[in-house]
Amino acid sequence: MSLAADAGAPVPMPRGRRRAELLMLVFALVVVLFAYAAVGLGLKGRFPPGLPVYVIVYAVLVLAAHAAIRRFAPYADPLLLPLAALLNGLGIVMLYRLQESGHNGNPGQPVALMSSTSTEFQLIYTGIGIVCMVVLLILVSEVRVLQRYTYTLGALGLVLLAIPAVLPNSLSYVNGAKIWIIIGKFSIQPGEFARLALAVFFAGYLVAKRDVLALAGRRVLGIDLPRARDLGPVLIAWAASMLILIFETDIGTSALLFGLFIAMLYIATQRTSWLLIGLGLFLFGTFITSTFVPHVAERFTVWLHPFAGSNATGIAYQPVQALEGMAFGGLFGTGLGHGQPYFTPLVQSDFIFSAFGEELGLVGVMALLLVFGLLVQRGLRAAVTVKDPFSKLLIGGLSFVLALQVFVIVGGVSGLIPLTGVTTPFLSEGGSSLVASWILIGLLIRVSDSARKPAPQPIQDEGMTQVVRAA
Amino acid sequence: MNRALLKVSLACLAMFVLLLLNVNYVQAFEANTLADKPGNVRVFDQQFSYQRGAIIADGDGNDLKIAESRLVKGTGNYQRYYPYGKVYAPVTGFDSIYGSSGIEETENSLLAGTSSQLAVHNFTALLTGKQKQGATVELTISPAAQEAAYKALETNTGGHNAGVVAINPSTGAILALAGYPTFNPNELTSLDGTTVDRNDKKLLSDPSQPLLNRATQVTLPPGSTFKIVTSSAAFSTGKVSGTTSTIPAPTVLTLPNGHLLHNDDDESCGDGNPQIIEAFYLSCDTAFGGLGMKVTAPVLRQYSSLFGMNRPLSIPIPVVPSVLPEGAGWTDQSLTAYTAIGQYNDAVTPLQEAMFAATVADHGKLMQPYLVQQVVGPGLSVIQSAKPAPMTGTGISARVAGDVQSMMYQVTHNPAGTAYATAGPQVTGGITIDGKTGTAQNGVNNTGLNDAVFTCFVPGTGGGASPIAVGVMVEGGGYGADAAAPIAVAVIKAYLAAHPS
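Residue numbers (the numbering used here), protein chains in the order written: chain A, 1 to 471; chain B, 472 to 972.
Since the hints were made in silico from the structure, they are not lab data.
Do not rely on the hints blindly, as some may be mistaken.
Stated by the list, open to error - Listed below are the simulated DSSO-like cross-link pairs for lysine-lysine, each with C-alpha atoms no more than 27 Å apart in a straight line:
#	chain 1	residue 1	chain 2	residue 2
1	A	K209	B	K478
2	B	K964	A	K44
3	B	K478	A	K387
4	B	K964	B	K622
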């Protein structure tokens with residue numbers, strides 16, 4: 001005993017910082033608790049009746065996640081779980097708020113596509129997401145083992161992506177996008193999971209091929225162009241995202257997938273030319289598509305001229321409601337339960353950010369953006385620190401695409417860029433997105449754990465082993 | 472790969488910075504612009520949840536509330552209420568859940584409290600947890616004059632459409648602005664959409680057009696009151712040197728196109744070559760028709776502009792322009808003779824009639840008419856205050872105004888003057904009123920009813936400023952002296968009774 005202690009003394013043990021995580025987690029839970037109480041007070045002037053049940057269930061779920069991290073990823077970044085828990089909790093609170101106020105403020109009628117049990121379901125999905133994350137932590141001890149399933153996951157990703165396109169509309173089409181698999185009362189958005197599977201595939205493929213892809217071809221205008229024969233994978237990824245755009249009328253998924261691929265290609269090869277080629281291809285493809293897919297062209301009109309003519313009451317009604325709602329919230333917001341976010345159609349999914357803008361104000365949404373930004377930063381930090389190139393690439397790409405997703409949806413909702421329907425991670429209603437987000441957190445936790453784990457102690461002297469053997 | 476990751480991190484940072492800038496733009500910088508977008512349902516709904524500012528008629532210094540928001544019991548919503556119903560409707564307009572008019576519309580952002588001028592106040596209210604409140608709009612309207620005007624219109628016009636405007640000539644402050652028929656704005660204030668809809672449809676389909684503002688939105692031929700403009704132009708351009716200069720005034724004037732211009736009832740005008748002052752108080756059409764031809768149409772138009780015509784006005788409620796339009800052949804001499812007596816292409820609002828008199832009353836200077844005296848924020852701080860100013864591009868010389876005034880004096884003081892019987896000192900109780908009547912013929916071959924017009928003012932005493940000028944137009948009312956002048960007299964009497972000097 002004393003010998004072992006002496007041997008360990010000169011090397012300071014990296015701290016797991018699990019206690020810090022717990023502390024921040026409790027803080028996140030308190031914020032969620034207060035927000036939930038504020039909704040009840042704001043809407044009806046009393047504490048919501050389900051307050052103890054909801055909060056206890058949610059607390060048990062995230063504390064269980066914390067316990068699992070202590071057991072299976074003790075060196076993980078302590079910020080990841082509290083940040084995710086805060087976002088997820090606030091998302092549930094906002095859904096509860098929308099569910100309670102109802103369509104146009106009539107509690108009797110639910111907001112379109114919401115039901116009187118939306119909050120319960122979101123809580124159940126949170127549970128499923130956390131369970132998936134824990135299972136991932138248990139099964140995948142090192143992210144690099146996923147590299148073995150590069151092509152399996154690639155094929156799975158493509159199949160998941162393609163399913164909605166081949167299904168009849170009745171089983172795949174909701175609100176202008178053919179991206180669902182509808183089974184009875186349940187629906188899943190396979191694209192959310194496809195993105196994760198394809199990220200693994202891209203990472204595996206690029207780690208294997210990055211030396212070849214980094215080879216320079218001709219030099220044009222100071223940029224080293226890749227060799228023409230290496231363009232293949234890029235063109236395939238591009239074609240796939242264009243097919244999604246056309247057959248599933250989903251600019252969001254297509255942009256995120258392509259962005260993911262290009263970012264990972266760039267991280268793998270460090271060639272700016274890939275970036276430019278990718279961006280050029282995407283803009284070209286979107287432009288061509290917009291000429292014959294009215295859905296896409298309309299998005300541009302809505303973005304550029306939301307208030308022109310009858311747009312504000314017609315095609316731009318939704319973004320105009322969102323903008324007016326956010327503007328109405330102003331600096332400090334109306335307070336939870338005091339605004340009218342329900343005027344914005346689909347406020348519970350694509351436009352949930354505008355509901356936060358209206359009720360929590362500029363300060364609230366800036367805080368939310370900082371939480372997202374911090375999450376992205378922790379992911380990128382893990383990517384920089386971890387040594388294994390596959391993990392580095394996978395996590396770097398996924399962190400970037402998380403930032404891109406927030407940029408695309410928040411930018412779309414607040415009128416910075418044309419609107420594309422992607423979910424707001426952790427906040428939007430919907431199980432697929434939530435479960436996929438928790439799996440992403442699982443991957444981040446796993447990689448950050450690998451990155452921060454102290455290197456295994458080398459066996460220091462032969463004699464000691466002999467001593468042990470003799471005993 | 473870390474070098475590339477660093478660049479990717481910078482890209483992520485850039486995206487978040489852009490988002491942060493954009494939410495600041497939307498929620499802080501653009502917030503007011505977005506709040507003012509038509510059909511902003513949140514601003515719309517919110518306006519009933521706090522008290523909209525009151526509209527006050529402060530012309531008599533007694534702070535009379537003519538529009539206020541009252542809490543509807545048990546709902547937490549405020550409903551607009553107009554204590555005097557129809558009387559102030561042409562001024563306040565209405566504020567309904569579907570729209571607004573009048574001062575309610577033009578001063579909406581102040582009344583509703585959304586104006587950027589109230590931003591500081593709203594911010595402190597937010598911090599101190601006080602309820603948001605709109606600003607109070609204080610009008611120049613004199614309740615005494617306004618109520619007299621409305622009552623006179625209702626009882627004296629025999630159901631004809633009519634409008635009255637009274638102005639303080641030295642400031643441009645509008646003292647009364649009344650119309651008939653009009654509507655009761657309380658019919659449109661219900662918070663229940665179907666009720667508002669039903670009443671709105673009823674008002675819109677009413678053939679008497681009660682929603683039309685007769686004082687500012689209807690133009691009629693000015694008739695003989697336009698002789699104020701014609702004589703001002705003649706004096707100013709030297710076509711007539713003074714009030715005692717004689718001008719030809721035949722019983723019948725043969726126009727260049729062969730048409731005959733008669734005096735009213737074919738009366739002769741003095742000795743056929745009277746002084747202009749006599750032709751004025753007798754209101755001889757042949758004299759001023761002939762004079763107009765000498766002055767020419769472009770000069771008449773120029774002088775009509777100096778009296779405030781030919782431009783849109785906002786007081787701040789919108790006023791249709793009173794015009795002497797340039798059209799094909801408008802300089803034709805025969806037509807100019809009709810223009811000069813207010814019978815051809817010239818058309819004016821009752822407000823413009825008041826402005827004719829106000830210009831003369833204020834020694835040739837026309838002050839910009841206005842309704843809003845000041846706007847007082849919820850904290851009783853004055854956030855906007857009227858600054859009387861002459862209307863740009865208007866005004867005639869004091870000498871000419873003096874000449875016209877002495878002619879207008881004769882109209883009511885010479886026993887032969889057209890308004891002696893109805894606005895002379897014996898009916899005004901000693902108040903001096905200088906005026907001009909107008910009786911504009913209407914319809915094909917003048918078969919329609921004549922429009923009665925009267926414009927007048929009370930001259931300042933002892934070198935003081937004139938207290939009030941009034942314009943009255945009664946559509947199809949008959950003789951200006953009979954149908955219009957008594958209304959003006961009633962307004963003046965009521966106003967001066969409330970403002971003994």
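Each hint, compared with the structure:
1. K209(A) to K478(B): 21 Å, holds
2. K964(B) to K44(A): The hint is violated at about 58 Å.
3. K478(B) to K387(A): 18 Å, holds
4. K964(B) to K622(B): Between K964(B) and K622(B) the Cα gap is close to 13 Å, so the pair holds against 27 Å.
Figure legend: structure checked against the earlier numbered hints; the only hint not met is number 2.
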